[in-house]
Each structure stands twice: as structure tokens, then as C-alpha cells.
Amino acid sequence: MESIGVLMACPMNPYLEQELDKRFTLHRFWKVPEKSTFLSTHSNSIRAVVGNAFAGADAQLIEALPKLEIVASFSVGLDKIDLAKCKEKGIRVTNTPDVLTEDVADLAIGLILAVLRNLCECDRYVRSGKWKKGSYMLTTKFTGKRVGIIGLGRIGMAIAKRAEAFSCPISYHSRTEKPETKYKYYPSVVELAANCDILVIACSLTEETRHIVNRKVIDALGAEGVLINIGRGPHVDEPELVSALVERRIGGAGLDVFEHEPEVPEELFGLDNVVLLPHVGSGTVETRKDMADLVLGNLEAHFLKKPLLTPVI
Amino acid sequence: MSYLHHKLLHLHQRKRRNLINTTPHPRRHHHTAHIQDAPVKGAMKATAMTSENQSRHSQSDLPYVLILKPPPSFLLFGDHFLDSSKFQYLKAYESPLPLPQFLQEHAQSVQAIFSSGLAPVTAETIRLLPRLGLVVTTSQGLNHIDLTECRRRGIAVAGAGTILSADCADSAVGFLIDVLRKISAANRYVKQGLWSSQGAYPLGYKLGGKRVGIVGLGSIGTEVAKRLDAFGCSISYNSRSKKPLVPYTFYPNVVELAANCDALIICCALTDETHHLINKEVLSALGKDGVIINIARGPIVDEKELVRCLVKGEIRGAGLDVFEHEPDVPVELFALDNVVMSPHCAVLTTESFEDLGKLMVGNIEAFFSNEPLLTPVSLDG
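Chains P and S supply the protein sequences, listed in that same order. If you count the first sequence from 1, position 277 lands on 277 in our numbering, and the numbers rise without skipping. If you count the second sequence from 1, position 92 lands on 92 in our numbering, and the numbers rise without skipping.
Worth flagging that the hints you see were computed from the coordinates, not collected in a lab. Treat the hints with caution; some may be incorrect.
[What the hints assert, rightly or not] Listed below are several chain S residues computed to face chain P (Cβ distance under 8 Å; list not exhaustive):
(1) D170
(2) Y189
(3) S196
(4) G204
(5) S342
(6) L348
(7) T349
Even glycine gets a Cβ: it sits at the ideal position worked out from N, Cα and C.
Assemble the whole structure, with the sequences as input and the hints as a guide.
Laid out in C-alpha cells, this is it:
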């Protein structure tokens, strides 16, 4: 398969890069100085694109690669891929579901605890050397708080399962109600926000869910509410969230994703009730290897004309 | 008021201790606790209790409960937060007399002592109080009370029961996720603007499927186990005795437990037997991929050895709420990104203060009504 051209959209994983190098002719798109020249030169040999949460395959790229057969994403999110275009052209698409579900759900709970129990500020306080006898950090209890989840898919369900172990009542909003779960359904995100203490975004990013957390939702969540985003940055109207946090109209936030990664609004840097992470939802040694193996497995299956492991289209 | 405006309190900077009677301003964000900043719930409670106790001052026959040092809850919620119509407080800290003299003067009136954990209840103190029948504490740990002397004198002890267990367990889980997933370290990275300038942060480690070893499967240990079970961890434990009805694997000693787990979580009490329980042998058995979380007491761990292991990379990381010589923390830890620390506040949530306050008043009222204590501590063994 060494003659098959694979285009990797951006750096994502050294092991994956290495393996792709071994098995295919790998083109590292981020190292190409003149992208349009490159694409016209290699348009006949590139048959696969490997993308992730930062860069995938938009309409322009797909049009420039007439021999493109498959887009394998090193992510479960598909928002960086023009799915309609892929469908139109008969291009297969795969992602990495299930292998990263636990890590993302763990991080959501980790963010909740970090925000409510002020773990980062407590750590900073001790490191400052200023801890004196008679000084205390008073924080907010997590056990028993009402958790509202936007999107009750694999990740949303995994978050619910974990939060239940903390005796948290669970409610959710989803495209459709899931009566098989015992959780309380709210037909709108505003209602969900008004009736929970911690709002977690766990849905996929589509045209419908862009800015699903807007000013109205933030107002409904209120001064004692906390927002956790382990979905995609564009799920939230970021300027609205920033002003709500700066003006203390909302109790706090734990954010793993942002509208224009890796740019993060600097106004958030000085807020001690906000925890910011550099998009590490699936960022563990174990899971990234599993994700890489899934990408490799899907590509191999495709070129050997076997059934894809985790097809989306 | 948003209770998420986390409070850093300094007991030695006590301000005016007035009653709370205004709704706190939601935008105020102080680092020292001023009474006006207390949450609304506490404010309402203090006001309610005060009006209930207007008649208190005229009832000089109410039994006395001795307080040696002001508890943190007084600073947060006011002096009347723990008031009751059934007893009154005798505040040793308001007297200019040295403690032994103060105790001698009031020896015949004191039937109970309330300790928040800040003031030790020593054998000497107990011996000066012939009518003492109850020691009540809001601390989870009991090592500040001379339990032997209490047993000898037939003095009942009431503690926090299991009310603080959830908060302790939440802290332990929070620490474990933080250490494995590098939450505090990555938060620092982003807030220094390094994500855009230096790129992706190093990968963390998956929690799911990890083997968790709990040292001490009491109320807190059980709550930790219940939570981590939901994350897909496999749970094992060491305790003074095997617990027949639990689904977790028992190891007869801590070295074996450490050798068979990826994360060791200390949830036991500090006693003579558990002092330096986590020593060189245990840390070595835990190994370079192992993590240790301590939300119990500093002296359970050989701190010098732990620091050495962390500095040398002989264990993967640590989450520490407690230290051997608080508030002194080994400075070598400050440079380590794989260590997460907090200033002994695993139980300090607003909600726990309120719950604990009600519990303590309930215990004292039960005692003076000759009713069973709500959360008695067994002094046997």
C-alpha cells in the first residue's frame, strides 16, 4: 500500500504519523509551504485524508482531491468534515467513537470537581508558600448537586453514570427524549439550565447546536450555576460567556474547548472560578493509541476492501 | 450570592463580628471573610436563631458547653450560628485568664466541651472538669481528643459521623482525576498563554480500568470506592479487618495492596498504628506508575520519603490535602507538575458547615435531654 497517498491535516499523534509513514506515502499538510500547488501536484495520488478536531476535510479540500476515497478522523467529532460533500462524492468517513468516551466523561467530572472544590486555586495557594495556620479555603459541595446534560449520547450517558455515583439528580436535553433512561427530560436548553446547578455540554456540533448555550441559557443557569464544556467551542456564544463570567452573573466554568483554539479569551485567565484546559478530552496515552489504531484499522480495512470498523458514511 | 466565590479565610484577621442582617452583595469578592460575605442561608439561620434566643440571657440555669477556641463556623456565619435554646456557651477564648485558671474557676459548671478540632482536648483539661460528660467535635479526625482519658472517665464523645464523608470522597476523586489528567498543571499552562505559543500539552493517563487501592475502608473509603467504581476502576482495600459484605478485594497489608494497585488512596484514621504507615517499602511497591492520594492525615505518610520518591520520579504523582507539619509544606513539591496540593480543606464546603452545625447542636441537645447521641463515637478498642 506504499503508493497510496495519505494526507494528514495537522500534527496529532507521533505514533499515528509513524505508522502511516510505514504503510502509505504520508503527506504532512502542515509542512507544505504552498498548499494549492501541492494539491494540484499530488491530486492523483492522495486517496485518504486523516483529520482531527482541529482540521479535517472541508469542501475546498475535497474538491481539490478527485481521487479521495476516505476521510478517517482522529476524533469522534465530525464538525471539521463536510459530510454532505463526502456523501455526494461517495467518500467514506470514519471516526473514533467509544474508545474515548470514558476519558471525556472522566474529564467532565474532573472539571466539575476542579471548579466547585476550587482545586486549582487551592493548589496555587499552597505553592505560593502563603499557607498560614488559621487560613482556610471554603468551597462548594459537589455531591447531591443537580447535573443537567445537553446531549445524552455515549459521552452524555457516561457522564450521567459517573455523576449518579455522587448522588446527583440527572436531567438532560436531547434531540429526542430517551424514556428508557430514568433521567428527567427538558424540551429546551433554557429550561434545563434553569433547573440544574451544573450544565454540561456533551452533544455533537452541527448547524443546529451552534451557540446552543447563548445569553438566555447563561441567564437561566444563573449566578450559582456552573457551565462545563467538553463538546466543541462553538457550542457556546463565547463573548457572552466571557462577560457573564467577568461580571459574575454565572458561578463558574470548566472549559476544555474554545471557539478559536488555541486562542483563549485572556479575560478568563485571572478568574479563580474558571478552569481552562487545552482540549485534552481524549488526551491520555492509552486512549490516543486506541484512537490511532482505529484510524489505521479503518484505512487498512478500506484499502483491503473489507468492512470499515467505525464508519459514519 | 454566588457561593462559588471561593473564600479564603484567615482566622487571625478577625473583623467585626456583627450579626448578619443584610443580603450579601453578589459582586463582592473578598479574600478574607467579612461577616457580610456569608452566604444567604447562613445569614437567615443566624438571624432566626438570634430571635429565638432573646430569652436566653435571662435563663442563667441553662447548662454550659465550653468552647476553647473559636470554631471556623463562627467566623463564617457569626457567633450565634450554633445557638440553642437548651444550652449556652462558655467561651474560654474570651477570658483574659490562662486556660487552667479559667477551667478551675468554671469547673463545676462545665458539662460538655465543643471542639472544632483547632483546640486539643487534653487529659489535663479533662481532669480539671469533674462534671464533664460529653466532648463534641466537628472535626472528622479524633486525634486531637484524648480518647483514653474520656474512656477512663466515662465521658461520651460525639463526632461528625458520616456527614463529611461525601466531601472527603469528592476531594479524593477530584485529586485523582487532577493528577492523572493534569488538570491543575494544564490550567496553569493555558492561563499563562502557553497553549497558543507552545502548542499541545503532554498527554495524561486514563483513569478507567485503573486499579485503586483504598487504605481504610470506613465511611470515607466506602464513598470513594462507590464513586470510582462508576469510573470503571477496580477496587481493592486494606483495613484493620476484612469486610465480609463488600465486593472489593482485600489485601492483608498495605505493601501488598500497593503492589497490586495503580492508585493508593489514604482514607484511614491517624493512630499509633497508622503513623508512617505509608513508608519506603509501600511507596516502592506502588512503583513508578503509581499515584498516591492523601485526604486523611499527614503523619500517616513518611513525608520525607514521599518527597524523595516524587522528586526522583519513583512514583507517578500525588494529590495531598494534608501534611506532616501543616502549614509547612516541603518546598521541593512546589516545582513539581505531577503533584496537586490543597491546604487541608477536603471537608470545608459551605454545605458541610451548615450540616455539621445542625448535627453538633443536635448532639448537645440530645445529651442534655438524656437522649441517645446522634453520632456517638465508640471508645472501645
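Hint check:
A hinted interface residue such as S:D170 counts as satisfied when its beta carbon comes closer than 8 Å to some beta carbon of chain P; here the least separation is about 5 Å, so the hint holds. Checking S:Y189 against chain P: minimum C-beta separation of about 7 Å stays under 8 Å; hint holds. Nearest Cβ of chain P to the Cβ of S:S196: about 4 Å, under the 8 Å cut. The hint holds. A least Cβ separation of about 5 Å between S:G204 and chain P falls short of the 8 Å threshold, and the interface hint therefore holds.
Nearest Cβ of chain P to the Cβ of S:S342: about 4 Å, under the 8 Å cut. The hint holds. Evaluation of the S:L348 hint against chain P yields a held restraint, the C-beta minimum of about 5 Å falling below 8 Å. Interface restraint check for S:T349: the shortest CB-CB distance to chain P comes to about 4 Å, inside 8 Å, so the restraint holds.
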